[in-house]
Every structure is written in C-alpha cells, then in structure tokens.
Amino acid sequence: LNYAEALREQARRGGGSVVEEDGIVATLAAHPHPVVNNAIRMDRRIDAETCLDRIVNFYVPRGHGYTVVLRLATDDSDLGEAAAGEGLGELAVLPAMAIEAPPAEQAPPSGCRISWVSDEASLADYRSVVERAWETYEIPGEATGAAVGTQPLPPHIHAALLYAGDRPVAGALVLLSHGIAGVYWVSTLEEARGRGYAEVCTRAVTRRAFQLGARAVCLQATPMGEPVYAKIGFKTIGTYRLMAAFPDD
125 LNYAEALREQ ARRGGGSVVE EDGIVATLAA HPHPVVNNAI RMDRRIDAET
175 CLDRIVNFYV PRGHGYTVVL RLATDDSDLG EAAAGEGLGE LAVLPAMAIE
225 APPAEQAPPS GCRISWVSDE ASLADYRSVV ERAWETYEIP GEATGAAVGT
275 QPLPPHIHAA LLYAGDRPVA GALVLLSHGI AGVYWVSTLE EARGRGYAEV
325 CTRAVTRRAF QLGARAVCLQ ATPMGEPVYA KIGFKTIGTY RLMAAFPDD
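Our numbering runs 124 ahead of the 1-based position in the sequence shown.
Honestly, the hints are just simulated from the structure, not real lab data.
Nothing here was measured: the structure is a model prediction, and the numbers come from that model.
Glycine residues also receive a C-beta, built at the ideal position from the N, C-alpha and C atoms.
Treat the hints with caution; some may be incorrect.
[To be verified] When the alpha-carbon atoms are kept at most 16 Å apart in a straight line, the in silico EDC-like pairs for lysine to aspartate or glutamate are as follows:
id: 1; residue 1: Lys355; residue 2: Glu224
id: 2; residue 1: Lys359; residue 2: Glu224
id: 3; residue 1: Lys355; residue 2: Glu229
[Unchecked claim] Restraint ranges, calculated between C-beta atoms of paired labels, are given here:
id: 4; residue 1: Thr174; residue 2: Ala231; range: 51 to 61 Å
id: 5; residue 1: Pro279; residue 2: Ala340; range: 15 to 25 Å
id: 6; residue 1: His280; residue 2: Glu224; range: 14 to 24 Å
id: 7; residue 1: Ser242; residue 2: Leu196; range: 31 to 41 Å
id: 8; residue 1: Ala231; residue 2: Glu173; range: 47 to 57 Å
id: 9; residue 1: Glu314; residue 2: Arg169; range: 37 to 47 Å
id: 10; residue 1: Asp290; residue 2: Ile170; range: 46 to 56 Å
id: 11; residue 1: Ile170; residue 2: Arg317; range: 36 to 46 Å
id: 12; residue 1: Pro226; residue 2: Glu262; range: 33 to 43 Å
id: 13; residue 1: Thr174; residue 2: Gln230; range: 42 to 52 Å
id: 14; residue 1: Ala231; residue 2: Val184; range: 42 to 52 Å
Produce the entire structure from the sequences given, and follow the hints as far as they go.
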C-alpha cells in the first residue's frame, strides 16, 4: 500500500495524474520513461489478460512507456506471463525489505552534515542529487527530477540531504502512509559513492519515520542499495518484479 501511494505521489508531484479503476492503479507522469509510469493490479479478481489490455491501452496511445509492477507475494505470475507475451522486458527484480524498530543513528563523516529539505533551495539541491545519481541506471534526470517535483514537501514526506562542505552529494526520502512508511529515492552522486553517505541518509529518514509514529519502514532495494539496507537492519520480506515497455522513438 505504501509503495502504491509513493507511485501516486511522484506522479502528482511531477505534474502527472493517477487513474484508479477496476482494481488497477495507473500513474501517468509528465515524462514518458517507464520508471515513472507505473501500473499495479490491486485486485486479483481482474484476470491478467484484461488487466494488461487496459494498461497497454492507457499508456500506448499517450506515447508513454510503462512499468507493470508484479507483487510476487500475491502471485502476480499470471500477469507477468501476459506481460512477457506482450513483449515487455524485465526491468528489475527488487527485494522488498522492512525494519520494525529504529536503527541506530549514524553521524555524518567529518566535513559533512545532514540537513532536512525545508525550502525551495534545499528541495532543488535534493532534486539535483536524484537527477544525477539515477543516471547510473540510464534513467534521464528529467524523469527522476519530475518525480521529486518542485512543490514544497507535504507533511507526510520528509527528505534528508547530506552535504560535503557546501555541496549536496547524497539524500533519501521517506513517505508515511497507512500507519507505516517507505524509503524512496536514496541517491548518492557517482563520484561520492563508497563513503557511507547513503547509509547515513537512510538511517536518518528511517529514524524520522519512527519518530512520527510509523509502525514499520519498508523499501524496495536496488542491487547497489541492498547490502547497505541489510547493514542498517532491514530484512527481506518479499520481492517485486518490474516488467517494462519503453516508448517508441
């Protein structure tokens, strides 16, 4: 539920929209990259072929790529088979991880400081870090920047930034919903990796979520992030499989 809420939020923040109909949540971003256009089957009573047909006919006429999010815990294998038959490729398999108690705090390295996004300037700094960091995965900065957005963060979203001197080099965001929280857009500039910055930021936003009443904090781990999150104390509780179609050139 929190993951779906995060996808809704990032679409809205980027000037996009959300359609929820017949057991399907579909987010439409301003950018056509599939990473920011996501569809989830929330009701398994809708059969895979019907579900996929509705997803395809939502995105393709708009010229957008899209990602079908498969929740292996609810056995979306039939939808995965339908997606493969339609020509969608596997974009990623992401461990779903969770932690049920606040992790220990970690001080930033010498010469660094943690700051919370609180105004237009700090939001712009966080957005710039996300835009550049996720280019590692060949995702355009325009797409990830739109997901972060330019509007002030609402009360249920908090983002931490790590500055090395006066330069923003890492950050992470947490979104509270449904009594829990989710960590998203953990990012470190390529030239600043390997120094523990992402861990400091992830610990900070995770602790903030518990301070605000979350019963647990979850995330979907990239290959780069999984060992960091395991070190913090997150445990694997499931798996998401992402099947994607890219827009036609």
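For each hint, the structure was consulted:
Note on Lys355 and Glu224: the hinted pairing holds, with a Cα-Cα distance of about 14 Å set against a maximum of 16 Å. Distance restraint check for Lys359 and Glu224: the Cα-Cα separation of roughly 9 Å lies within the 16 Å cut-off, and the hinted pair is therefore satisfied. This hinted pair checks out: Lys355 and Glu229 have alpha carbons roughly 13 Å apart, not beyond 16 Å. For Thr174 and Ala231, the hinted distance range of 51 to 61 Å is satisfied, since their beta carbons lie about 53 Å from each other.
For the pair Pro279 and Ala340, the supplied restraint of 15 to 25 Å holds, since their beta-carbon distance comes to about 20 Å. Between His280 and Glu224 the beta carbon distance is about 20 Å. The supplied range of 14 to 24 Å therefore holds. The hint said 31 to 41 Å for the Cβ distance between Ser242 and Leu196, and at roughly 38 Å that hint holds. For Ala231 and Glu173, the hinted distance range of 47 to 57 Å is satisfied, since their beta carbons lie about 53 Å from each other.
Between Glu314 and Arg169 the beta carbons are some 44 Å apart, a value that agrees with the proposed interval 37 to 47 Å. For Asp290 and Ile170, the Cβ-Cβ distance of about 51 Å falls inside the hinted range of 46 to 56 Å, so the restraint holds. Taking 36 to 46 Å as the suggested C-beta distance range, the pair Ile170 and Arg317 conforms, at roughly 42 Å. Under the hint 33 to 43 Å, the C-beta atoms of Pro226 and Glu262, about 35 Å apart, fit the expected range.
Evaluation of the 42 to 52 Å hint for Thr174 and Gln230 yields a pass: the beta carbon distance comes to about 48 Å. At roughly 49 Å, the beta-carbon separation of Ala231 and Val184 lies within the given 42 to 52 Å, and the hint holds.
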